[in-house]
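**Q** Put together the whole structure using the sequences plus the hints.
Here's the letter readout for the chains.
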Amino acid sequence: MSVLIFTELDNGSLRRSSLEAVFFGAEVAKLLGTTATALAIGPAENSELELAGNYGTAKVLHASDVRLAQANSMAYASTLAAAVEQVGAKVVIIAKSALGDAVAARLAGKLKAGLVSNVVELPDGDASNLRVKRSIYTGKAFAVTEMTSEIKIITIRKNAVAPEASETKAEVEAFSTTPNEQDFAAKVTGVEKADGEVPLTEADIIVSGGRGMKGPENWGILEDFAHALHAATGCSKPVSDLDWRPHHEHIGQTGIKVSPNLYVACGISGAIQHLAGVNGSKVIVVINKDPEAPFFKAADYGIVGDVFEVLPRLTKAVQSAG
Amino acid sequence: MKILVCVTSVPDTTAKISFTDGDTKFNKAGVQYITGPYDDYALSRAIELKEQSGGTVTVLNVGEADSEPVIRKCLAIGADDAIRVNAEPTDAFFVAEQIAAIAKEETYDLILMGRESIDFNGGQVHGIVGELLGLPSYSPVMKLDVDGKTAKIAREIEGGKETLEASLPLVLGCQEPIAEWKIPNMRGIMSARTKPLKVVEPVGNHTLTRVQKYELPPPKGACKLIPADQAETLIKLLRTEAKVL
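Those sequence lines, one after another, are chains A and B. Under my numbering, think of the first position of the first sequence as 1086, with each following residue one higher. Under my numbering, think of the first position of the second sequence as 388, with each following residue one higher.
No lab work stands behind these hints, which were simulated from the structure alone. All residues carry an ideal CB built from backbone N, CA and C; glycine is no exception. The reader is advised that the hints may include incorrect statements.
To be verified - Simulated pairs of lysine-lysine, BS3-like, Cα-Cα distance not exceeding 25 Å:
{"id": "1", "chain 1": "A", "residue 1": "1374", "chain 2": "B", "residue 2": "607"}
{"id": "2", "chain 1": "A", "residue 1": "1367", "chain 2": "B", "residue 2": "600"}
{"id": "3", "chain 1": "A", "residue 1": "1278", "chain 2": "B", "residue 2": "607"}
{"id": "4", "chain 1": "A", "residue 1": "1367", "chain 2": "B", "residue 2": "491"}
{"id": "5", "chain 1": "B", "residue 1": "548", "chain 2": "A", "residue 2": "1278"}
Claimed, not checked - With beta-carbon atoms standing in for the labels, derived distance ranges:
{"id": "6", "chain 1": "B", "residue 1": "438", "chain 2": "A", "residue 2": "1249", "range": "50 to 60 Å"}
{"id": "7", "chain 1": "A", "residue 1": "1214", "chain 2": "B", "residue 2": "609", "range": "16 to 26 Å"}
{"id": "8", "chain 1": "B", "residue 1": "626", "chain 2": "A", "residue 2": "1393", "range": "23 to 33 Å"}
{"id": "9", "chain 1": "A", "residue 1": "1131", "chain 2": "B", "residue 2": "585", "range": "54 to 64 Å"}
**A** In structure tokens:
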């Protein structure tokens, strides 16, 4: 009986979303009166993995088999399943991401475990009846859900919990399993990644642009504002459809769903499909020259004005205030 | 090539969501149902692949009788036949078991579906089906080409994309821009009426999750408007009032 957290590494560093997952897992362990262990897969220094201890786990299992260096959802799920068995985990916590989602689904199939995705806050109940609240209908509603299986898997959305860090370091222990050949059947032929950028799903602040930006050549003013705020940039569906911005920046019903602290929409009218992707945000700011833009109804703060005038002013205001 | 496309019947993206029976049931009244948008991408690509290199496309839905209009639309777009597993799709594992049971009866080269349904947004079913059938699964797939027995895939990863090659059979969760959505034409609609739609009863009863109660988000307060010529005030408010900077 314990809680196991799957943590994701990015170039040897624990992802911020994974540290949230560690904190979430440690809180669940407290609720259940048990301990939390983390699993990290891939190359990383012990000094980095120890940091998981800051968020409440005493131990980190480290699977560093060279074949696991490249993210592989099926091989990672097999490794995670072996770790579940070793520590006798009854609850598994995973941060939502492209990899996390895939690993969670494969693990659920392997363990015949109930899996609840997009969980938005800490659970309540006890070991026999753990209740979690998940976002459904693309953010339009919530479902309080119980898992009836012996092993329970929870994937959490960003900001499901506000982590508090301590100075405690975790003990790192090597973890090895025999890789399952089937998991390596595919040949990876290429990886394209925008390095050094904060992934949208992890960003605290997102500045996003729509058709009101009038063209890809105008993204500079939006990026200046984003840089001043240390924010990630996103876009609406028409913008990615027009190839003004890459598809992985598309936020909305059929794109990425985000739940940052602050979402700033520039020149986005606020179609219901776009709102569906952002309604988990804590604070929404809308800048649009059309006062009738539906997005204002979903916003906390709004500026009716021309993005080409407003954005540079905002950038300056952030910079001058330091 | 034999392709199985699993589709969901879900409330339209613009539907107003509400609940009945003490917030324990979804209120279907006045709600228009559509094919899951991601499933639509999967189906469109399946039909394109069939047009390129022959084969069949079978549509599979786990749902009650009221999902038949969505299934007929999939047939009108170009699927050859359809199977409906007569059960309410309440749990990802249960749905995956139904799909796996159908897939074990016939050998499909590709099992495609959307990356997630837009009602429960779990994004779990393709991974569980892959695991139950012992097949690789990939998601979210943005590009799919088939060359003989090899699939060439591009899928989204955090902040970018990964391309890979894998041998059929495979289970894939799809998203745009894998294909353009197809709109049924009159001939398709006419022929869909007579295409085979088989209804089968579900196997097993392994629901592993249960919804106790639904909730709607609290209503949003009024939007505070800041004049454009005082845009700087916004930054101050975000710092001192909203405390997000």
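**Q** Does the alpha-carbon distance linking residue 1367(A) and residue 600(B) stay inside the 25 Å limit?
**A** Judged against 25 Å, a Cα distance of about 23 Å means the pair holds.
**Q** For a C-alpha distance cap of 25 Å, please report whether residue 1278(A) and residue 607(B) respect it.
**A** Distance ~36 Å between residue 1278(A) and residue 607(B) Cα, so the pair is violated.
**Q** What's the verdict on residue 1374(A) and residue 607(B), does the C-alpha distance respect the 25 Å limit or exceed it?
**A** With a Cα-Cα distance of about 22 Å, the restraint between residue 1374(A) and residue 607(B) holds, given a limit of 25 Å.
**Q** Do the Cβ positions of residue 1131(A) and residue 585(B) conform to the proposed distance bound of 54 to 64 Å?
**A** holds, 57 Å
**Q** With 16 to 26 Å as the target window, see if residue 1214(A) and residue 609(B) comply at their CB atoms.
**A** violated, 39 Å
**Q** With a cut-off of 25 Å on the C-alpha distance, tell me whether residue 548(B) and residue 1278(A) pass.
**A** holds, 6 Å
**Q** Starting from the hint 23 to 33 Å, judge whether the C-beta atoms of residue 626(B) and residue 1393(A) obey it.
**A** holds, 24 Å
**Q** Is residue 1367(A) close enough to residue 491(B), meaning Cα to Cα at most 25 Å?
**A** Status violated; Cα separation ~46 Å.
**Q** If you check the beta carbons of residue 438(B) and residue 1249(A), does the distance land in 50 to 60 Å?
**A** holds, 56 Å
Checked against the numbered hints listed earlier, the structure breaks hints 3, 4, 7; every other hint is satisfied.
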